[in-house]
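With the hints as constraints, model all of the structure from the sequences given.
Line order of the protein sequences matches chains A and B.
Counting from 1 along the first sequence, just add 1 to a position and that's the residue number in the numbering used here.
Counting from 1 along the second sequence, just add 6 to a position and that's the residue number in the numbering used here.
Derived from the structure by calculation, the hints contain no laboratory data.
Misleading hints may appear alongside valid ones.
Stated by the list, open to error - SDA-like cross-link-like pairs, simulated, lysine to any residue; straight-line CA separation at most 25 Å:
id, chain 1, residue 1, chain 2, residue 2
1, A, Lys115, B, Ser216
2, A, Lys115, B, Asp179
3, A, Lys285, B, Ile264
4, A, Lys267, B, Ile237
The model shown is predicted, which means the values in this text are computed figures rather than measured ones.
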Amino acid sequence: MIHEEIILVAEHLQQRISPITYELISFADEIKRFRPGIIITIVIIGKGFREIAGEIIQKSGINVICIECENLHLYNAEAYILILKEFISEKKVKYICIPHTSTGLDYAPGLAVKLHASCITGIEKCHYREENIIFTRSILNGKIQMEATPTTEVSVLTILPGSFKAPGFTKSFPYSPKIVNTAVSPCKTKTIKILNSNEDDPSISEADIIVSAGRGIGREENLNIIYNLAKIFPRSAIGGSRTICDIGWLGYKHQIGITGKSVAPKLYIACGISGAIQHVSSIKGANIILAINTDPQAAIFNYSDYCVVEDLTTFIPILIDAFKKKEKPHTFSI
Amino acid sequence: MKILVCIKQVPDSETAFKINDTTNWIQMNNDIVFRMNRFDEFAIEESLRIKEKLPDVNIDVISVGPPRVTSTIRKALGMGADNGIHILLEKELYHSPYEIASLIAFYARDKNYDLIFTGVMAEDDMQCQVGQLIAGILNIPSASSTILERINPDDNAIYVEREIDNGLRESLDLLLPALLTIQSGINHPRYPSLSNVLRAKDQELITVDSKSLPKIENRDRLTGIYYPQKIKNGLFIDGSPEEKAEKLLEILHDKSLI
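Listed below in structure tokens is the structure:
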């Protein structure tokens, strides 16, 4: 009897396995709760991963298959789709799980087309109801969530980073990875190389407190308010949403989100940030989140420890004034 | 060269959304302001820049949706696109990416487009799928999150840099015809010009009834929508702005953050 399988496609960049790959394991474990017989398999496409595959098996006990392809040195959507299609053709695959990242999203929908599969992206939760596994994802800037369930035999799923916590591994398993050799030649696309684009600034990753600006700041001049707020905190840094960086008000080194940086400061102050899922998934490591926003329905408030419904352009100056009065009480008595 | 730009009209994200009675979509009431998906503005701008650089470029914009989407198609014409195509849907309800992608793909398949652009995602349903699905259905190569493209006259390929994680880019060549999903920040989208807006006002759109096109049936089923559960049960600080500031400083002080 052929068992149903979940395939987890590992993501790697510059020969390192991305942490989201481990989060896929937790997601698959959730599915397994609803479908106990299902087999989990991790697939790593690329060369030079045998050792790391061995480590993943040792830690997780999950079967890892390295698919090595002679002429594939870099990620290529066309090749990934051909390889995965061939790999699963003999199997009874139910779910193919892919990270919800720039690379994952590059090939997931195309793979679904070729497999006549459904494609559900940005999955944050799953649950079981009336014999269906139902997936939850955010829409409308995180103000609403939708639930969907596949109506096809096979489904391609992309899993939102930060939604399923990577498992803590305790046991040790003595298996070794399986190596599969394949030869595909993409004919319509050629990946050339990886380029470094952004100037890096470690100050955001190292800061205790991040004051972050979103579209709600309204005008570029209002960035001064954000800078002034950051000044009252020691070890602070300035962050921004993608929109602010796209307009050019802040450099991309300040961008926080799926396509920017993930941060885990002691305090994250979200100023005029709506709370789109691409941003929020990258600040979940923050100890305390404080949000200032005029829109009481803004999704950011669902993730915040402290919520202030105010216009930041008037409220933050009041906050800074109040702080300065407290800081130097004696200057008034002299 | 023929370019097709796929655009979407979305409700403004500042809207206070309410769920409809059958909990299968949001209430479409008069409070909702519709506008062009911001990511699609970057896609249109990128196509206009190719038109300015290369000879004989024709830009079609296409949008699938109910009658209201024609205003967004006209905005695209106002920015400088040549023709507007409206694939008319009757209902305001949720439409899956497969449904939308297959309608566009079946419309486009015999029109000989050299390039198809979409925004990297739609702001409303945030699927990031339609572009890549169209490419899959038409069996043409695609690149997502395009942050730079370069094409020369008479080239049969396009050079693309796409954004990947950690501030890195990946460069690739794609044979034409190809589909690119355009990342925000690739350019600064222009505003509609007066002369184009005047031209667009009277220009006839090509309207195609969605029922006249083949489409791929939905492969997933929407089982409901709801308001998100709070991940954290945050404290809403109340009072006048001054009182809120005082309370906040006290909290930050107690946590040794200030």
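Results of checking the hints against the structure:
1. In summary, the hint linking lysine 115/A to serine 216/B is supported, as the alpha carbons are separated by about 24 Å, within the 25 Å threshold.
2. Among the hinted pairs, lysine 115/A with aspartate 179/B is consistent with the structure: their alpha-carbon atoms are about 22 Å apart, no more than 25 Å.
3. Proposed proximity of lysine 285/A and isoleucine 264/B is supported: the alpha carbons are some 22 Å apart, at most 25 Å.
4. Pair hint lysine 267/A plus isoleucine 237/B holds up; C-alpha atoms about 18 Å apart against a cutoff of 25 Å.
The structure shown violates none of the earlier numbered hints.
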